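The numbering of the sequence shown is the numbering used here, which starts it at 1 and goes up by one.
Rather than coming from a laboratory, the hints here were simulated on the basis of the structure.
The structure displayed is predicted, hence computed values, not measured ones.
Possibly wrong hints are sitting among the right ones.
Stated by the list, open to error - Just the calculated beta-carbon pair ranges, DEER-fashion:
| hint | residue 1 | residue 2 | range |
| --- | --- | --- | --- |
| 1 | Asp38 | Arg146 | 20 to 26 Å |
| 2 | Ala37 | Glu213 | 25 to 31 Å |
| 3 | Pro191 | Leu41 | 44 to 50 Å |
| 4 | Asp220 | Asn119 | 47 to 53 Å |
| 5 | Gly307 | Cys233 | 15 to 21 Å |
| 6 | Cys233 | Asp66 | 39 to 45 Å |
| 7 | Asp222 | Pro321 | 42 to 48 Å |
| 8 | Gly187 | Ala297 | 23 to 29 Å |
| 9 | Ser234 | His168 | 39 to 45 Å |
Built from N, CA and C at the ideal position, the CB exists for glycine as well.
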Amino acid sequence: MSYEKALAVDGRPTSARALLAALDIGGTKIAGGLVDADGTLLHQIRQPTPRENARTVLAAVEHVLDGLARHPLWGGVRAVGVGSAGPVDIEDGTVSPVNIPAWRAFPLRTAVAGHPAVNGLPVVLGGDAVAMAAAEHWLGAARPYRNALCLVVSTGIGAGLIIDGRLHTGPTGNAGHLGHISIDYAGRPCPCGSRGCVEGLASGTAIARTAAENGWRAPDGDSSAAAVAAAACSGDPLALHAYDRAAHALAAGIAAVATLVEIEAAIIGGGVAASGDLLLQPLRRHLADYATLPFTARTAVLPAALGTGAGLVGAAALARPALPVH
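Make the full structure from the sequences, and use the hints.
Dropping the structure here:
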């Protein structure tokens, strides 16, 4: 929906009583948006995430908020949702993103609440993968399910859980963190301190490393997961093996979650998931080998539906319960 369509005849926002501001904070970009109560992204802006220090990163967040506050629809905002790379601590309102080294136990919720334009509005913080789960359950592929695992498979692996029709965050907001379930006790050491984590085997970074370790070399020197995907699509056996190994690891992790909490579906999003059947076909095949009990064997594997807008819609979804009831 465009800004013009969001205006009533008298020029006032139609969603003035139910507009949400959203922030999506990651290691490469900080995005902001205005979302209506139906989940329509009305306006968005973004800028690169700086690397210098905690203050410069916060200044970038403030700059995005400044830009949102200048939009004519800002007057309709009633709550602010923030989805951040993690780990997060929703109880303390802090974040320590692995991919933003300048922020460790950074008081992000307080910082956003202190912005002049926010001015007393409720601010709800969550992890970016949990926000994606909230978005997909609200409007996307997880909508038909009361119990689902929603994964972001990208440079790392994050996830969120929907249990009994509700977003399940856990006390600190990190419930469902599939990327750091260990599936290989003698596997690769993980930066988290454990070893054999799903993330170390199935993320985009891991796919590129697996391909390189097995001797794959791109003709143009591009060793990214996207280049491995392109080679796999053309039938390169080493590239196909790297994706198959990633799918194998994801399947083991998903099966463990399905056994523990009886999910009905696993929704796969993120940059690596954009490879489509290159990942999803072997994932479904391997899942059949791990999810063998009757209550796990029915677990569906589906691509995420909301694409690049999921982060902002998800951040808005986190704040949606804070909207005033009329």
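So, going through the hints one by one against the coordinates:
A C-beta distance of roughly 21 Å is found between Asp38 and Arg146, which places it inside the suggested range of 20 to 26 Å. The supplied range of 25 to 31 Å is broken by Ala37 and Glu213, whose beta-carbon atoms lie about 49 Å from each other. Between Pro191 and Leu41 the beta carbons are some 33 Å apart, a value that contradicts the proposed interval 44 to 50 Å. About 51 Å separates the C-beta atoms of Asp220 and Asn119, a value consistent with the hinted range of 47 to 53 Å.
Separated by about 20 Å at the C-beta atoms, Gly307 and Cys233 satisfy the suggested range of 15 to 21 Å. Range check, Cys233 to Asp66: Cβ separation about 42 Å, and the 39 to 45 Å hint holds. Roughly 44 Å separates the CB atoms of Asp222 and Pro321, a value that falls within the hinted 42 to 48 Å. Taking the beta carbon of each, Gly187 and Ala297 are about 26 Å apart, inside 23 to 29 Å as hinted.
For the pair Ser234 and His168, the supplied restraint of 39 to 45 Å holds, since their beta-carbon distance comes to about 41 Å.
The structure fails to meet hints 2 and 3 from the earlier list, while all remaining hints are met.
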